[in-house]
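Each chain, letter by letter, is given below.
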Amino acid sequence: MDPWRNFRGKLWREKIDLSDFIRHNYQPFTAEPTFLCPPSPRTKRLWEKCQQLMAKERAAGGVLKIDVERVAEVTAWEPGYIDRDNEVIVGLQTDKPLKRLVNPWGGWRMVEAACKARNIDPDPIMKKIFTTYRRTQNEAIFRIYTPAMRQARHLGIITGLPDAYGRGRLIGDYRRVPLYGLDFLIAEKKKDLYALDNVDDASIHLREDIADQIEGLERLGAMAKTYGFDLSRPAANAHEAFQWLYFAYLGAVKEQNGAAMSLGHNSPFLDIYLQRDLEEGTLDEEGAQELIDQLVIKLRLVRHLRTPEYDELFAGDPLWVTEAIGGMGEDGRPLVTKTDYRWLHTLRNLGPSPEPNLTVLWSPRLPQPFRNYAVDLAIKTSALQFENDELMRPIFGDDYGISCCVSATSLGKDMQFFGARVNLAKALLLAINGGRDEKTGEQVLEVPTLSGEYLDWREVWENYEQVLTWLSVLYSRTMNCIHYMHDKYNYERIQMALIDSNPRRHMAFGVAGLSVVADSLSAIRYARVKALRDERGIATAFEVEGDFPCFGNDDDRVDGLAVKVIRYFYSSLAQQPIYRNAKPTMSILTITSNVVYGKKTGATPDGRKAGQPFAPGANPMHGREKSGVVAAMRSLAKLPYEICLDGISYTFSITPRTLGPTPADRAQNLMRLIDGYFGANGHHININVYSRETLIDAMEHPELYPNLTIRVSGYAVHFVKLSREQQLEVIERTIYERM
Amino acid sequence: MGRIQSIQSFSTLDGPGTRSVVFFQGCPAACLFCHNPESWAAQGGEEITPEELLLRLERFRPFLQEPPGLTLSGGEPLYQPAFALALAKLARAEGWHVALDTCGWGPTEPFHNLIQTVDLVMFSIKHPVYPDALSKLNPDSVLTNWQLLATLTTPVWLRYVLIKGWTDPPAALTALGRLARDLPTLEKIEIFPYNSLAESDWQKLQWDSPLFHEGNITVTEEEVRQAEKHVRESAGLPTSLFPSLNAP
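Quick note, the sequences are listed as chains A and B, same order.
In my numbering, each number is its position in the first sequence, counted from 1, plus 1.
In my numbering, each number is its position in the second sequence, counted from 1, plus 7.
Calculated from the structure, these hints are not laboratory results.
Treat the hints with caution; some may be incorrect.
With the C-beta cut set under 7 angstroms, the calculated list includes, among others, these residues of chain A facing chain B [unchecked claim]:
id	residue
1	S628
2	G629
3	V630
4	V631
5	A632
6	R635
7	G661
8	N670
9	R673
10	L674
11	G677
12	G680
We put the CB at the ideal spot given by N, CA and C, even for glycine.
Next up, chain A with everything else stripped away, as it sits in the complex (with noise of 0.2 angstroms):
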C-alpha cells in the first residue's frame, strides 16, 4: 500500500518540507469537541499497571531500578514491553519500565555520584573504560575551563550549566521518520554531507556531524527492527506513525539525558495520518485516542537518572517532554486539529501529570470553542501554560516548538546551545562589594569601593555596568567551551539528524533574580539604603528608609530599571564572539532553581534577607505586589521579547473565588487576562488556580494528592514530589486572594 495514499502536495515529496506537507493536508477544527473519547479498556489496564510501577517507584525514594551494565545507546537494549497484550505502542528506555539507564558520556562523576546515592556500585569495566581510555564532555570541559570560569561557577554566580550531562533543548523533527521513514532520510543526509568538501575546520567539523547523524539513523532503524518494526518505509497509516514518531523520540532519550527533552508540535501532522485511517474506515474515534493515550503513557515513563544535587536544582524528575499544542497557521487558518482535543484529553483519561509539559500556544484567533476547553482545563488541571502564538509566529514561522519550558524553536530548522543562567543579584552584590563575593569574600573582579555607608545610585549603577559586561565576556567564553566539547564528546546524532544540515543556532543565554535586582535598583535610587558592612568591608545586610516602588504594579519607575538591566546585559552579551557563530538569545527563567539560587545568595538591598527564595521566573518578587494580578502583568509585558527570545517565563497563581464567582465566570475572566496579558507583549504563563489551603494540606497528606499537579517556572510537577523547602516557597509565592 502506498504511505503517501491520498496527500495532497508537492514540494514536500522531493525534499524534507514539513510545513508544506501539513498545509496541504492537515484539517482545522473548528467546533465544539463533543467527539472524544474515554480511555479504551486496553489503555484502562495498562495504565493501572503503570500507575503501580509509579507508586513502587515513590515507594521506593524515587528511582526503582538502575542498569549498571550497559551504556547508554541506541542498541544497547533488548526489546522491553509493560504489557504486551494491552500495549498499542510499544518501546521502552531499557528492557524494563522504570529502570534508568547508565549514561556516562557526559561525565562519569555524575554516574558514580547518583549511584552512590542510591547504593549501588556502577561497573568496574564501565569505569575504566569512561575514566581511563574514553574522555567525556565534564572531563573535556574542565581541563579547558579558566580559573575565573570555576571560580563563577562554584560561587554560583554562573549556575547550572550543562557541563556535567546531557546539554538538552534539541527538539529533532521526530515527524521526519514516519513521513519519509529513514531510507529518504539518510540519503539525504548523505547529499547533504557529499556536497560540502572544503577542508576548513567548519566545514570538516560539519561533515563530522553529518556522519554520525546518519549512523544515528542507521542505528535507530536497528533498534526498531528488535521491536519487528521496519523503519526503512515511511509508515502507511496512524499506528505506524505514531510508532515511527515515539521510536524516532525514544531513540533520542536512549542516548540522550538532557535536561529538557522536548518533543515539539504534532497534532496537526498525527492528525493528518488518523483523519486518512477515519476515512478509510480502518480506525474509530476510541482507537485514535487509544493511540495518543497510549503515546502519552510512553511519555510519562521517561527517566534519567541524576544526583541528589541536580534534583534540587530541577525538582520532580522533570524531562520537559513540553508538546505544543494549537496555534495558527501563517495562512490565517487555526493550526487546532482534532488531535489537539485528543491530547489536551490525556489530562482527563489519564488524570493531570507533569508530563508531557503541554503548552497551548494561544491567540485570539483560535476557534472560540478552543479556547473555551483549554481555559476551563487550566482550571481544573493547574497543568497547562500557555504562550503567545502572536508574538512567537513571526519570528519562528508557524511550525515551531516549545523547547524546555519557554523556548520557541522552529522544528527541524533551529538548535539552540543550552545556556543555563546567571545571578543577577549576585553580581549586583558584586558592584557594592568591590567585586568580592558576599558570602566568602574572594575577590571575583576589581570594581572601585563604594564611598560613603549609603549607596549612591549612580555609583552603584556604574559598578553594575562593570560587573554585567565582565559577566558577559566570562558566561559567553563559559558557553563556548561547553559547547564546543559537547559537540565533540556527546553529540545528539539522533536529534541532530532529524534536523536540517546546517540550522539555525541560538546560544540561549538566561538571567535569574531579575526582580530581587529591579527593587533593590529601585530601592537604592527611590528611597535611602544604608549598607551594614562587617570587618571585611562586606555589606551582609542592608537598612533601608523611605518607601520605594517594587517591580509588579506596573510601576514604570521600578519597571523601567528591569528593561535597563536585560538591555545592558544582553547588548553586552550580543557583542561576544560566540561558538559556530550562534545567534544569542536569552531567558528569564528559573525552573525551581529559585530556591538553591535564593539560598546561594547574601542579603540584598531590596530588603531581601540572605537566603531566601528568589521569584521564579520573571515574577515579581512574593508579596511585593500590592496591586493585583492585572498590574503585575502589566509590569511582566513590559520585558522585551525581541531580546528576550528564549521566554519569559511568569508563573501565575490564584485562588478559585478570587478568579470568578461561578465556574463560567472564573473561565471567561480567566480567558480575558490571558488575553490581555498577550494583548501586551507578554509571552508565557503558567496557570495555577488552588486554593493555599489545598498545598498545606498537600504537604501534611501528601498520600492523598499523588496527582495533584502543579506549575511552576516553565514546567508543571506533581508538589509532592518538591522538597519541604520547595513546597514552603511554593506556598509563600502571591496567590492572588482577597478577603
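Following the hints, put chain B in place on chain A, whose structure we already have.
Quick look at chain B alone, frame taken from chain A:
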C-alpha cells in the same frame, strides 16, 4: 487633586464582573472592625489628579471584561466628594461601569450628586440602628442618606458584616430587613462573616480595638445563612435579593 491609598487592578468581589478598585485615602467612620485602618488618616496616601488616575486605570482595561468595572472604595470616597465625583464622571464618560462603595457618611448634597453619577451603590450598613456603637458614624445622617437612595434610580447593593454579639442579634437583623424593604432600588443583600484578619492590620499600626477583647466574635457560614434567612423572612424579602441563595 485627591488622595488615594492604593489601587487593586483586578477584583471579582467588589461589584459585578471584573473591576479595578481605587481605595481612597481618609475615612471618618473609624469602624472598630475595619480591615483597612491605614486608610483612615486624611493626609496619607498618594496625591493624584482624577485625570492621571484614570490614565493609570485605562492600562488595566484590556484585562477586564466589558464593560470594565471601577469601584470607588476606601477609606470613604465621600470624604473627598469633589475628587470622587470628578473621577466617576471621567470614568463613566470613557465607558467604565462605576460603583461606589460607601458607609453612607457625609452631608446630603455631595452624597446625592455622587449617587446620581455612578452606576451602582454598594452601601455598607454597619449597624441598622446603632452604627455609633461600632463606629463614629452619626445614625441620623446615615439614615437620611439611606432614605435618599429611594428617591433616585441608581441600583443599590446592601452590604453587612455579621459580628457575633454585635450585629447578629435578631432585633438588629429585623431592623436591617426593614431598611431593605423600604428601598425599591435594592438589588442585592450581601452578608459577610466578620474576618479576624482585621486584627493583624490593627496590630501593624500598634492600634487596638475593644472588639478584639470580646472573646469570639467570628461567625460560621451556617450562622451567616441563618442571619440571611432571618432578614429575608422577617421583612418578607424575595430570595432573588440574596446571591448566596442563587449560587450555582
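Do the hints match the structure? See the list:
1. With its C-beta approaching chain B no nearer than about 5 angstroms, S628 of chain A sits inside the 7 angstroms limit, and its interface hint holds.
2. Residue-level restraint check for G629 of chain A holds (minimum Cβ-Cβ distance to chain B is 4 angstroms; threshold 7 angstroms).
3. Using the Cβ-Cβ criterion of 7 angstroms, the hint placing V630 of chain A at the interface with chain B is satisfied: the shortest such distance is roughly 5 angstroms.
4. Evaluation of the V631 of chain A hint against chain B yields a held restraint, the C-beta minimum of about 4 angstroms falling below 7 angstroms.
5. At its closest, the beta carbon of A632 of chain A sits 4 angstroms from a beta carbon of chain B; the interface hint therefore holds under the 7 angstroms criterion.
6. Proximity of R635 of chain A to chain B holds as hinted, the smallest CB-CB distance being about 6 angstroms (cut-off 7 angstroms).
7. This hint holds: G661 of chain A has a C-beta 5 angstroms from the nearest C-beta of chain B, less than the 7 angstroms allowed.
8. For N670 of chain A, the interface hint holds, the least distance from its beta-carbon to any beta-carbon of chain B being 5 angstroms, beneath 7 angstroms.
9. Among the interface hints, the one on R673 of chain A holds; its C-beta lies about 6 angstroms from the nearest C-beta in chain B, closer than the 7 angstroms criterion.
10. Checking L674 of chain A against chain B by beta carbon gives a least distance of about 5 angstroms; that is within 7 angstroms, so the hint holds.
11. Annotation: interface hint on G677 of chain A holds; nearest CB of chain B at approximately 3 angstroms, less than 7 angstroms.
12. Checking G680 of chain A against chain B by beta carbon gives a least distance of about 5 angstroms; that is within 7 angstroms, so the hint holds.
Comparing the model with each earlier hint shows no violations; every hint is respected.
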